[in-house]
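Trainee: Heads up: the sequence lines are chains A and B, in that order.
So for the first sequence, my numbering puts the first residue at 1; every next one is plus one.
So for the second sequence, my numbering puts the first residue at 1; every next one is plus one.
Since the hints were derived computationally from the structure, they do not count as laboratory data.
Values in this document were obtained by computation on a predicted structure and should not be read as measured data.
Backbone N, C-alpha and C fix where the C-beta goes; we use that ideal spot for every residue, glycine too.
Check each hint, because a few of them may be wrong.
Some chain B residues flagged as far from chain A (calculated, every beta-carbon gap over 10 Å) [what the hints assert, rightly or not]:
(1) I52
(2) W66
(3) K70
(4) F73
(5) S74
A partial selection of chain A residues facing chain B, derived with a Cβ cut-off under 10 Å [what the hints assert, rightly or not]:
(6) L193
(7) G308
(8) W311
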Amino acid sequence: MDSGLYQVLVDRGLLIRHEELTPVDDTSTGTTIAPVPVPQVSYPYEWSFSEYQDAALLTLEVCRIAIAHDMILKDASAYNVQFLEGRPVFIDTGSFEALEEGIPWSGYRQFCQHFLAPLTLAARIDIRLLRLLETHIDGVPLDLASKLLNGRTGLSPGAWMHIRLHARAQRKFSDQTAASPARTQRQVSRNGLLGLLDSLRGNVTKLRGTTARTEWGDYYDETNYGEEATRHKREMVSAWCQRLSPSLTWDLGGNTGFYSRAAVSGGGTVVCWDVDPLAVERNYLQVRDGNETRLLPLLLDLTNPSKGIGWGNRERDSLAARGPVDLVMALALVHHLAIANNVPLDLIAEYFASLGKHLIIEFVPREDSQVQRLLLSREDIFADYDIDSFAQAFSRYFIERERVPVSQSVRTLFLFELAPGGGYGGSAINTAASP
Amino acid sequence: MLWMKSIEELDSSEGGLILRSSTGIVLGCLVCEPAFAYLDPGTGSILIQGLIAAIAGGLFAIKAYWHRLKGFFSKSSRDDSREKKEEEPPQSAAD
Numbered sequence: 001m002d003s004g005l006y007q008v009l010v011d012r013g014l015l016i017r018h019e020e021l022t023p024v025d026d027t028s029t030g031t032t033i034a035p036v037p038v039p040q041v042s043y044p045y046e047w048s049f050s051e052y053q054d055a056a057l058l059t060l061e062v063c064r065i066a067i068a069h070d071m072i073l074k075d076a077s078a079y080n081v082q083f084l085e086g087r088p089v090f091i092d093t094g095s096f097e098a099l100e101e102g103i104p105w106s107g108y109r110q111f112c113q114h115f116l117a118p119l120t121l122a123a124r125i126d127i128r129l130l131r132l133l134e135t136h137i138d139g140v141p142l143d144l145a146s147k148l149l150n151g152r153t154g155l156s157p158g159a160w161m162h163i164r165l166h167a168r169a170q171r172k173f174s175d176q177t178a179a180s181p182a183r184t185q186r187q188v189s190r191n192g193l194l195g196l197l198d199s200l201r202g203n204v205t206k207l208r209g210t211t212a213r214t215e216w217g218d219y220y221d222e223t224n225y226g227e228e229a230t231r232h233k234r235e236m237v238s239a240w241c242q243r244l245s246p247s248l249t250w251d252l253g254g255n256t257g258f259y260s261r262a263a264v265s266g267g268g269t270v271v272c273w274d275v276d277p278l279a280v281e282r283n284y285l286q287v288r289d290g291n292e293t294r295l296l297p298l299l300l301d302l303t304n305p306s307k308g309i310g311w312g313n314r315e316r317d318s319l320a321a322r323g324p325v326d327l328v329m330a331l332a333l334v335h336h337l338a339i340a341n342n343v344p345l346d347l348i349a350e351y352f353a354s355l356g357k358h359l360i361i362e363f364v365p366r367e368d369s370q371v372q373r374l375l376l377s378r379e380d381i382f383a384d385y386d387i388d389s390f391a392q393a394f395s396r397y398f399i400e401r402e403r404v405p406v407s408q409s410v411r412t413l414f415l416f417e418l419a420p421g422g423g424y425g426g427s428a429i430n431t432a433a434s435p
Numbered sequence: 001m002l003w004m005k006s007i008e009e010l011d012s013s014e015g016g017l018i019l020r021s022s023t024g025i026v027l028g029c030l031v032c033e034p035a036f037a038y039l040d041p042g043t044g045s046i047l048i049q050g051l052i053a054a055i056a057g058g059l060f061a062i063k064a065y066w067h068r069l070k071g072f073f074s075k076s077s078r079d080d081s082r083e084k085k086e087e088e089p090p091q092s093a094a095d
């Protein structure tokens with residue numbers, strides 16, 4: 001605080017603002033701080049390429065500014081970054097320590113594992129490799145990254161050094177103890193630290209996410225309903241959100257955020273979850289370019305949602321553990337779950353009941369051309385897939401507040417409110433869902 | 001071992017330190033046998049950081065110097081053009 005670093009970082013929107021609850025004095029050993037709450041906690045494996053890249057650049061910039069104030073980051077965990085008002089922000093105020101001349105940056109390995117390796121793998125091999133962080137909580141091991149990158153042409157000298165050579169060095173010196181003379185002799189000057197950060201920044205900036213067409217990236221260009229249906233649906237979502245004024249909304253399967261933007265009119269924060277990395281990427285770029293502050297695009301496979309990971313499976317929360325939220329939206333989604341993924345309507349209703357207090361959901365009937373398309377490639381074993389079964393399944397957990405046929409389409413919008421005692425905790429769902 | 005020799009040189013010499021240590025460690029790492037023990041990746045990270053920081057720090061210093069040089073020349077050329085402009089009467093006044 002005294003170095004002026006906190007003020008500089010907060011003024012530039014790089015560090016989360018906090019209030020000191022107990023002031024530091026000569027007698028106390030520490031202080032208690034209360035940071036501004038982040039409406040939605042997200043994890044690196046839920047970020048799109050550009051969200052991840054921006055989080056990496058933020059970490060490097062925070063470290064560079066810290067060095068200018070004779071401080072340094074003592075770690076470089078991707079979990080130290082959250083998204084607030086459309087931008088990444090550094091949240092670990094306790095990560096700073098005084099810079100000791102000549103001492104190497106203790107966050108270097110972590111930065112390579114948490115940021116550079118996954119981003120390089122995503123850019124050079126496949127965007128889906130960003131999800132490696134879900135199985136490797138302390139970042140992608142560099143020997144694994146190096147193996148995956150083996151034989152890839154066009155790897156920049158920087159990536160080669162920071163990942164491949166780094167992995168080789170780790171393996172080579174892995175039998176040295178922490179107190180080995182080699183470790184203590186290594187000196188890194190301040191200029192060396194700045195050079196290291198500059199090199200990492202250059203390497204991260206150069207990386208480009210995939211531009212390959214994915215299944216959902218062009219969804220809104222390929223919908224089967226007309227302008228009037230879109231307008232009506234948007235109007236209904238907007239009206240219901242204004243009525244409910246949810247502080248946090250989850251738009252499940254929200255694609256590039258068309259209806260999430262309608263939901264923003266409710267006044268709160270809207271998280272647009274989607275399974276398609278390209279759709280999430282397009283959405284984030286729109287948020288970033290338009291300085292949108294109340295929309296957060298995140299990656300989620302609803303058929304296999306983010307799990308609780310880390311120590312005791314409680315270090316990073318599952319999706320359900322981060323709920324329930326005020327409102328869940330599931331537009332043009334139920335047929336994908338029920339037909340493409342064989343999830344019974346009752347289990348869909350049960351899971352949604354654990355996620356939110358209100359639910360806006362669209363029923364897409366069998367005669368809809370999108371459903372017909374799904375049925376073309378599979379045996380039709382979905383005899384009970386109709387609006388009555390749907391309403392009945394959801395009425396076990398919710399109270400139906402409104403039902404509106406979408407004009408000029410065969411679809412229907414429902415507004416549900418969680419019935420008293422209708423919500424289920426994660427454990428109840430696991431029990432019910434297990435065979 | 002090639003890399004060990006290089007580290008000894010690193011301790012005992014000052015001139016050409018970066019070049020020698022980098023060559024040694026780079027070559028050492030390239031010829032090293034795969035070891036499957038997973039003990040402490042931190043040591044290797046710190047050693048390689050020393051090497052990379054030495055190279056990157058050098059490049060960073062050159063870059064900073066180059067920017068300063070460029071800034072100096074663009075500033076002086078800006079100053080020249082400003083002086084030139086000041087010397088010339090404004091177009092409207094000339095008309």
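Trainee: Run every hint past the structure and note whether it holds.
Mentor: A quick look at each hint next to the structure:
1. I52: For I52 (chain B), whose nearest Cβ neighbour in chain A is about 5 Å away, the distance does not exceed 10 Å, so it is violated.
2. W66: holds, 13 Å
3. K70: holds, 17 Å
4. F73: holds, 22 Å
5. S74: holds, 21 Å
6. L193: With a closest approach of 6 Å, the L193 (chain A) hint holds.
7. G308: For G308 (chain A), the interface hint is violated, since the closest Cβ of chain B sits about 26 Å away, which is over 10 Å.
8. W311: For W311 (chain A), the interface hint is violated, since the closest Cβ of chain B sits about 20 Å away, which is over 10 Å.
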